[in-house]
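Peer 1: Chain by chain, the residues:
There are 2 protein chains.
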Amino acid sequence: MRYKETKKNKLLYDLLKNHGVKIYEDLDNGVFPKFLIPSRSTRNIIYDRKLRQYVLGNSASIRNSKNISQLRSFTQLTWLAFFANRLIKEKKSSTLRDIYYSSQAFSIDFEDQPESDNIIVDLESVLSRPREDLHIFPEERSSVFGDLVIEYTVPGYEGKRTNLSDHPDGYLIGPSLSSAELIETSADLVIAIEKGGLFTRFVEEQVDKKFKSIIIDTAGQAPRSTRYLLRRLHEELNLPVVILTDGDVYGEHIAMVIKSGSANAAHLRELTVPDAKWIGVWASDIEKYKLPTIPMTESDIKRIHDLKKDPRYQQGIWKNELDVFLKIKRKAELEAFSKYGLTNITDKYLPQKLEMAKSL
Amino acid sequence: MRYKETKKNKLLYDLLKNHGVKIYEDLDNGVFPKFLIPSRSTRNIIYDRKLRQYVLGNSASIRNSKNISQLRSFTQLTWLAFFANRLIKEKKSSTLRDIYYSSQAFSIDFEDQPESDNIIVDLESVLSRPREDLHIFPEERSSVFGDLVIEYTVPGYEGKRTNLSDHPDGYLIGPSLSSAELIETSADLVIAIEKGGLFTRFVEEQVDKKFKSIIIDTAGQAPRSTRYLLRRLHEELNLPVVILTDGDVYGEHIAMVIKSGSANAAHLRELTVPDAKWIGVWASDIEKYKLPTIPMTESDIKRIHDLKKDPRYQQGIWKNELDVFLKIKRKAELEAFSKYGLTNITDKYLPQKLEMAKSL
Chain A
161 MRYKETKKNK LLYDLLKNHG VKIYEDLDNG VFPKFLIPSR STRNIIYDRK LRQYVLGNSA
221 SIRNSKNISQ LRSFTQLTWL AFFANRLIKE KKSSTLRDIY YSSQAFSIDF EDQPESDNII
281 VDLESVLSRP REDLHIFPEE RSSVFGDLVI EYTVPGYEGK RTNLSDHPDG YLIGPSLSSA
341 ELIETSADLV IAIEKGGLFT RFVEEQVDKK FKSIIIDTAG QAPRSTRYLL RRLHEELNLP
401 VVILTDGDVY GEHIAMVIKS GSANAAHLRE LTVPDAKWIG VWASDIEKYK LPTIPMTESD
461 IKRIHDLKKD PRYQQGIWKN ELDVFLKIKR KAELEAFSKY GLTNITDKYL PQKLEMAKSL
Chain B
161 MRYKETKKNK LLYDLLKNHG VKIYEDLDNG VFPKFLIPSR STRNIIYDRK LRQYVLGNSA
221 SIRNSKNISQ LRSFTQLTWL AFFANRLIKE KKSSTLRDIY YSSQAFSIDF EDQPESDNII
281 VDLESVLSRP REDLHIFPEE RSSVFGDLVI EYTVPGYEGK RTNLSDHPDG YLIGPSLSSA
341 ELIETSADLV IAIEKGGLFT RFVEEQVDKK FKSIIIDTAG QAPRSTRYLL RRLHEELNLP
401 VVILTDGDVY GEHIAMVIKS GSANAAHLRE LTVPDAKWIG VWASDIEKYK LPTIPMTESD
461 IKRIHDLKKD PRYQQGIWKN ELDVFLKIKR KAELEAFSKY GLTNITDKYL PQKLEMAKSL
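The listed protein sequences derive, respectively, from chains A and B. Just so you know, the numbering used here puts 435 at position 275 of the first sequence, and the rest follows in order with no gaps. Just so you know, the numbering used here puts 358 at position 198 of the second sequence, and the rest follows in order with no gaps.
Hints may be right or wrong, so weigh each one.
Just so you know, same-sequence chains aren't split out, so a pair can sit in one copy or run between any two.
[What the hints assert, rightly or not] Once the Cα atoms are required to be at most 27 Å apart in a straight line, the calculated DSS-like pairs of lysine-lysine come out as:
(1) Lys-508 x Lys-489
(2) Lys-252 x Lys-370
(3) Lys-226 x Lys-252
(4) Lys-249 x Lys-170
(5) Lys-182 x Lys-170
(6) Lys-168 x Lys-226
(7) Lys-320 x Lys-369
(8) Lys-249 x Lys-177
(9) Lys-320 x Lys-372
(10) Lys-468 x Lys-450
(11) Lys-479 x Lys-450
(12) Lys-177 x Lys-499
It should be emphasised that the hints constitute simulated quantities derived from the structure, not laboratory data.
So that you can see chain A by itself, here it is in the shape it has in the complex (with noise of 0.2 Å):
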């Protein structure tokens, strides 16, 4: 199984060596280098209902060594692709602020980590990779729970094998548990829930026996290696994957961001379950369950407005749910259970619930 993550390297540094040869070539025959990077314009983000996710349209802009006013930017984005090249063969990871200070080691200016940041972008959308894929990480983690055996491909613990159910209170998604073969499983599904404080609960009352699940907590929005996770999860394992969250505006677009990617990560595929199910905490069960409740802000109800717009939320229980959250004007948290025992949400609510899905 480790082939695979050789042959995701191989691809890379193909990707990566043919821009150095192209450099090259173009050097030797006295033309000015070049890039070619697909457009991130608002204009040119389109969603695609086909793959149920956004994508970038066909514009590209040309980063040229020829123009002045690029000549820096091309000159980043080189250097961001040998450095990174160097991480993968030398297995090593980094973060964004690493690459922000590693480019001073190599006198590559950046002015500040905002305008690297940015470049690292360039970089993933010119070969349409993640800079995970890069050996460059986020600081932000999630964590996941359950019986499934993954095999570890980083250096020091190549073949070993770990039990995600070992440790009750959850395994951090950091790059070993990113880069890991996923072994074997006994769960059925996959539960993936916005909050810490709902994950030890459910850990706690063994969701991951009594319904054959996986537990992950999102930890709010989604990390990308989170959406990397749940998407091989589905993909690799068949798991069908649902999702809990505050019963709220941001809630509802956390799941549809698990579901189908995010605008900003368009140039993108990879990070999305489009067969994902939202199963909760719905506008509609804030009545139903009698949830204690919240009144929504000012920007709670400008967000419903900006999503109303959004292509994705044109129809079914997305659309359903906001028009219910919009003509209430408030909002509960998955907390909220606890008014009727530690325990009601994953007695009662959860298989409610989990049962309703089917029919989603």
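Guided by the hints, dock chain B onto chain A, whose structure is given.
Peer 2: Just chain B now, kept in the frame of chain A:
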């Protein structure tokens, strides 16, 4: 070893029971029941030079059910003691947020979560026990990695053991790890580090093996569960603790809080490691290691002036480094070492500072 956990719970039962019995006795005798709550006002928070941490002085206030204006908070506190007792008996964990919502099931009125959070601190003060002992956990989490065998005490995992070097992304310090027994380690040292990115770097560069250490990511200001673990590693396993932070006033204070606690937890012990050593990044390291810097903001400088009034910053490196920061008015992050290569911090800086620490 499980005896210890049971003994801790037994002590808590007795504490809670004594309060309950007292309330019933008062009622039987026609006396209004009350609580004696140590005062947490700044005038009653004293730095104890012998304990080397903040403690509460002798002032206390009476929360009396006879007093109409105190009846509400008296009732809240009594309910919380009842609820905590139930949590411990049923071996359930909860969050600060859960407590807020759970109160509604009992028609106990809290205006908002800050009000219930505050009552939780009252109960901590009354019992002199941290909320974690009452199975009330915050959501904040950090992580740990290294050759340390722990044995769980949580339901379903009693007697199970895990080696915390099995998962190279690190282990979350949640309720299960916090309540586990520390069984054995080959480590000679604990290294607490402020940032997840560096934590990953340290694991990747095998700092655990090269320096026979347990590595802890404090994820910024160390959460209480992490400070509690650091203390236990120091007390139960006799491991020295060193701390690495960003080279700024906030980093210096992160180290100080691990060492001697915070004023707002002055009503608690067991969260400090008075022998812990802050080994960097010092203000004086910035020039010595020629680190890329960032200018300080006005609020950085104000913070330095505030800390200069703190009794703990009146001598040694604590005072000296504050003075250097104030002189150079610049700061440097841990990632700044990446300028000299990704492994510069683990190959050069860390061994030099560990050597230096022996004379601290």
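Peer 1: The structure should be examined with respect to each hint, and the outcome stated for every one.
Peer 2: To see whether the hints hold, each was checked on the structure:
no. : hint              : in the structure
1   : Lys-508 x Lys-489 : within (25 Å within a copy, 57 Å between copies)
2   : Lys-252 x Lys-370 : between (39 Å within a copy, 17 Å between copies)
3   : Lys-226 x Lys-252 : neither (33 Å within a copy, 66 Å between copies)
4   : Lys-249 x Lys-170 : within (10 Å within a copy, 56 Å between copies)
5   : Lys-182 x Lys-170 : within (18 Å within a copy, 73 Å between copies)
6   : Lys-168 x Lys-226 : neither (33 Å within a copy, 72 Å between copies)
7   : Lys-320 x Lys-369 : both (24 Å within a copy, 17 Å between copies)
8   : Lys-249 x Lys-177 : within (13 Å within a copy, 63 Å between copies)
9   : Lys-320 x Lys-372 : both (24 Å within a copy, 21 Å between copies)
10  : Lys-468 x Lys-450 : within (26 Å within a copy, 52 Å between copies)
11  : Lys-479 x Lys-450 : within (22 Å within a copy, 56 Å between copies)
12  : Lys-177 x Lys-499 : between (59 Å within a copy, 25 Å between copies)
Taken one by one, the earlier hints fail for this structure at numbers 3 and 6, listed in ascending order.
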